[in-house]
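Visitor: My request is simple: use the sequences and hints to build the entire structure.
Chains as they are written, first to last, in my numbering: chain A, -16 to 301; chain B, -16 to 301; chain C, -16 to 301.
Keep in mind that the hints are not guaranteed to be accurate.
Note that identical chains are pooled: a pair holds if it fits in a single copy or bridges any two copies.
[What the hints assert, rightly or not] Cross-link-like lysine to any residue pairs, in silico, SDA-like; alpha carbons within 20 Å at most: (1) Lys188 with Pro232; (2) Lys28 with Met298; (3) Lys29 with Ser61; (4) Lys188 with Arg110; (5) Lys28 with Ser297; (6) Lys28 with Asp85; (7) Lys147 with Ser301; (8) Lys197 with Met298; (9) Lys28 with Asp118; (10) Lys29 with Ser297; (11) Lys29 with Ala300; (12) Lys247 with Pro234; (13) Lys29 with Arg144; (14) Lys188 with Thr20; (15) Lys28 with Asp93; (16) Lys28 with Ser61; (17) Lys29 with Ser301; (18) Lys29 with Thr51; (19) Lys247 with Ala277.
Since the hints were derived computationally from the structure, they do not count as laboratory data.
The residues making up each chain are set out below.
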Amino acid sequence: MRNPQLDKNGGLQHLLTLDGLPREILVEILDNAAPFTEVAEREVKKLPLLRGKSIFNLFFENSTRTRTTFEIAAKRLSADVVNLNVSTSSTAKGESLLDTIDNLCAMQADMFVVRHAASGAPFLIARHLYEQGRDDIHVINAGDGRHAHPTQGLLDMYTIRHYKGDFTKLSVAIVGDVLHSRVARSQICALVTLGVPEIRVIGPKTLLPTEIEKMGVRVFHDMREGLRDVDVIMMLRLQNERMNGALLPTPQEFYKVWGLTGEKLEYARPDAIVMHPGPMNRGVEIDSAVADGAQAVILPQVTFGIAVRMAVMSMLAS
Amino acid sequence: MRNPQLDKNGGLQHLLTLDGLPREILVEILDNAAPFTEVAEREVKKLPLLRGKSIFNLFFENSTRTRTTFEIAAKRLSADVVNLNVSTSSTAKGESLLDTIDNLCAMQADMFVVRHAASGAPFLIARHLYEQGRDDIHVINAGDGRHAHPTQGLLDMYTIRHYKGDFTKLSVAIVGDVLHSRVARSQICALVTLGVPEIRVIGPKTLLPTEIEKMGVRVFHDMREGLRDVDVIMMLRLQNERMNGALLPTPQEFYKVWGLTGEKLEYARPDAIVMHPGPMNRGVEIDSAVADGAQAVILPQVTFGIAVRMAVMSMLAS
Amino acid sequence: MRNPQLDKNGGLQHLLTLDGLPREILVEILDNAAPFTEVAEREVKKLPLLRGKSIFNLFFENSTRTRTTFEIAAKRLSADVVNLNVSTSSTAKGESLLDTIDNLCAMQADMFVVRHAASGAPFLIARHLYEQGRDDIHVINAGDGRHAHPTQGLLDMYTIRHYKGDFTKLSVAIVGDVLHSRVARSQICALVTLGVPEIRVIGPKTLLPTEIEKMGVRVFHDMREGLRDVDVIMMLRLQNERMNGALLPTPQEFYKVWGLTGEKLEYARPDAIVMHPGPMNRGVEIDSAVADGAQAVILPQVTFGIAVRMAVMSMLAS
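Guide: Set out below in structure tokens:
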């Protein structure tokens, strides 16, 4: 089976992961997103590109925030959007998941936006569609387990390019719970693909995957050292469910060592930008003053995220 | 009170049940559904027939799947759809249900799609609208208790006609838990109305209603005998809540006796079609190989279901 | 900070409360609502006034009924509506609420319809938008704690004006649990603003706020005496959670003393209208015969409520 994300002409068939996504397509998505940022500034924030298309937000894991970004993006493209919050319990078996998909395909779905607690679920769906010969139906991974969150990775790249321009001269640090973060995986893949020469991950040993160096990153266990002279700081969210777990000290202790404060920020370049995928735990991974400070580009990330999702949806549907 | 489903000119006022629905209207719905199957094949799957109409999906019983089919059908007709998941607890009293209806009528609702655990709830609503003189508001029964699920019955008839043509030459078997099935009731009414000469129900005595023969069916307690030479097999879903109940052995034992396997399927005519209203319990009422086999028309049922619902909605609203 | 509800030209910037809303604006809303009642009578109940606008229904407190009225109003104005049911737990800290708002602003929201259990939450949001310089984003208070429910107050005023005309000649009684009622607060503010000379509140001491006379009302602890010769009776809903509390006897005893029966209604003027914000507890605050009787205008309130919300939304967005 060929790269499941690409159609027979090498165009984008699904967006499942940034791992292995060709550089040209990644750049094409960023390029296509640019004009969509302008749509949002207009009086009528709507384009007829996906009129009459049926997009299903298939959320097997609850995420109001992410669902909203896709819903807004789809509605601004004039698509018909149906939200399905499917409890994982009713689809415990993979077979049952695919029966759900078959049913929605039979309703002439055009696109699935899939969020699932199990790594690989969107791939399973994409492979099933391929086996059924349904190349008219497209899958977007909106976060699967610890695996990938490609639209988040893309909007992060859009943001970096917007503020920093040339990727090939940058030093970028990713800070925090890399081990459990699908966001970090997608970010690293994209940064490698785009030729960022220095990619650092910063965190405690217990929250970094073993052998992560093989992804092409440098590991730092001292935050100040890791931040030294970087151009971009990408903070990760500390999942609430981790906070009281065995892997971590208290949130207060975590903050002391791994939280981004103004003092630590000074180790980075003076024009470094600070990013966060949201929602933030203020006072845990990041100090409020930094989150709201002049170097933070956290809210522009959200804005660019809508444009990037509109770009992906319009590329898939065309 | 006249037939509550018909308006004063004999047209369709509500769709509450297939019991007593005139044959001409039933056939008219099937005829009207045909062009809607083509809409779904188009680039822009949308018609302006219900533009500006307000359709309320009133689900007093949760059913993501059925709600989705009506939502898609309504949106493809350009209606404004509002989903209301009303917990039965807050409307325990019939009075309270009708207060809810009165309120939505006061918001200028055009149509209610009603799912309710209590048999007869959509009738109660239709009668109330009649008493209020609101003949501009229409009710579709999306499943009420054990009573009826008319759009399911209609899409089943559409499917049979699509594959088998003339109803008056067919032998049809309905298999499984007929006792608790609103689907079976709607199917039998429609098959009788359309002149099917041989309608069989197959199942254990504990899961067949007493005196079901009076509906015009033949009863079989031996599945192989019941399937012999039939043209159409309509499997019923075994409700999960029944599976561990007193009426039934284990799912495995049920499957052994009443599950549709390839071996049992051979008793039917070689060109027999296999239907199921979904969602399927694979390995309980049906073997996976049969469900995915060449004779299964289970996914076309879903596709035709959207078209049938579009047809019903457009007939009601016009 | 100037009146947070008004823009720099004195127009409507947010609708947060009727307390301090200038009389001209209040009357303008009522005037603007009138033509929207006619839209609902049309074949196509839709206007393009808010096409391409993104309206977020931000419900931190569950209310299917109120959410539905705003959703219908927004869809009839052709807006894109996104429903967000945000559990208060995830936004326990005010900071977190404002992070949610910042995120939605970054998605180019045009309007927030906010329901919150905490009094003042919509003000907090409005002030935050002001501090961020986002005068392009508007807030409608859909009920905050015990504080205010301005669209309910406005639709009540619309209803009174529709049936009674001149406010300056009226005697109006508000009956029941005034203490916990945001509706009563909004009603009193509006009645005072519109120059109603006689505003009465009727209820037990335990359910009336201390010093309520300072709002410009007369207090009655005898219902018959309070209803004598009034033109308008506005019943309040008895919150279910109060019913078994320490402040109240049983619902039956409450009904006996404070429920509106036909007998008590006779103390009012013969042409008095009976109003209720819904949902009604029949047999608790109001007798069914009165609720469905000739003097009740409870369902017209609902109809006018859609028109008033359309008027507010279109004024804010223009």
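Visitor: Hint by hint, which ones does this structure get wrong, listed from lowest number up?
Guide: 4, 7, 8, 13, 14
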